[in-house]
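Asker: Produce the complete structure using the sequences and hints provided.
2 protein chains.
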Amino acid sequence: MDDLFEPENSCVALHLRRLSRVVTRRYEDALRPLNLKSFQFSALVALSRRETIAQTNLAKAFGMDVSTLNRNLKPLVARGAIEIASNPKDGRVRLIKITSAGLKLLDQAMPLWEAAQAEALGRLEPEAWPDLRRGMNKLLDTD
Amino acid sequence: MDDLFEPENSCVALHLRRLSRVVTRRYEDALRPLNLKSFQFSALVALSRRETIAQTNLAKAFGMDVSTLNRNLKPLVARGAIEIASNPKDGRVRLIKITSAGLKLLDQAMPLWEAAQAEALGRLEPEAWPDLRRGMNKLLDTD
DNA sequence: TTTAGTTGATTGCATATGCAATCAACATTA
DNA sequence: TAATGTTGATTGCATATGCAATCAACTAAA
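Heads up: the protein sequence lines correspond to chains A and B, in order.
Throughout, my numbering is defined as the position within the first sequence, counted from one, plus 224.
Throughout, my numbering is defined as the position within the second sequence, counted from one, plus 224.
No lab work stands behind these hints: they were computed from the structure.
Treat the numbers as computed from the prediction; the structure is a model and nothing was measured.
Which copy is meant is left open, because identical chains are indistinguishable; a pair holds if it fits in one copy or across any two.
Below 25 Å or equal to it, Euclidean Cα-Cα: the simulated BS3-like pairs (lysine-lysine) are: (1) Lys298 - Lys284; (2) Lys362 - Lys261; (3) Lys298 - Lys328; (4) Lys261 - Lys284.
Answerer: Below is the structure:
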């Protein structure tokens, strides 16, 4: 597998994208019984600890274009797991809010996610994930 | 930014996906003058060292579903950068081949990619990327 | 306060991603 | 060889991704 890439194709983006594909697939396998995608799960987690979040801020947190976020939220709205409210202070802003149905869904999803997360972390030496995160953060930092 | 995620959202998939989004965007910024996407560049690199590759093998190398690969190749075909040939030994197999136009395009792309790659690696300590790759490979390995 | 600039949301367009289902071609077995 | 199984490609469907352009709403400057 790697023989196709090394050494000619040492592209950082390529390796990150490939890994993200493979790992995402495992998490989505785990969440499939609830018909939940990886992004949807993480959005629910982020929302579950706050009253509301502005769309822009959520997009920033996900390192994602606002237009992408905007569309990715739609399935959760359709499903009744989140709601979009307006900000009375600023008519432009859309505030995202998790519903009680969304909280219940998150409860059901949590053990499925935990299994996938344990499987992923189990592949690494102890402490390897924090190390990886440190390296990843250097690649992530905004100039 | 991270405050939205830590410590509640420690999901490995989430962090990989976010990083892959952010880094991919930088590479695609660099390649934009040639109207080349990150995947397209890497596909050309992989093809440039071989006569042909079967679609299935290329998909495997990219850790990508065959149907995804199949569709992702179409813009390169439309552009004349690659060709699809049949395998006389097996009528099912599609062999992918880079064209001379594809090689020329790759030549033009290489310095643009190198700039993005240098920028990415420049964010890390020396030797940090190989370390990262080792950790990433553990997450990647097929059970 | 009008004007000009800025910011947030949305939509069109093009590519990315994977699953399930289907069809065609090859391989195996009865 | 005929029946069965397997493998490769493709398409439908749903979601993911970002850029450019547009519109609406707020803000700052004239």
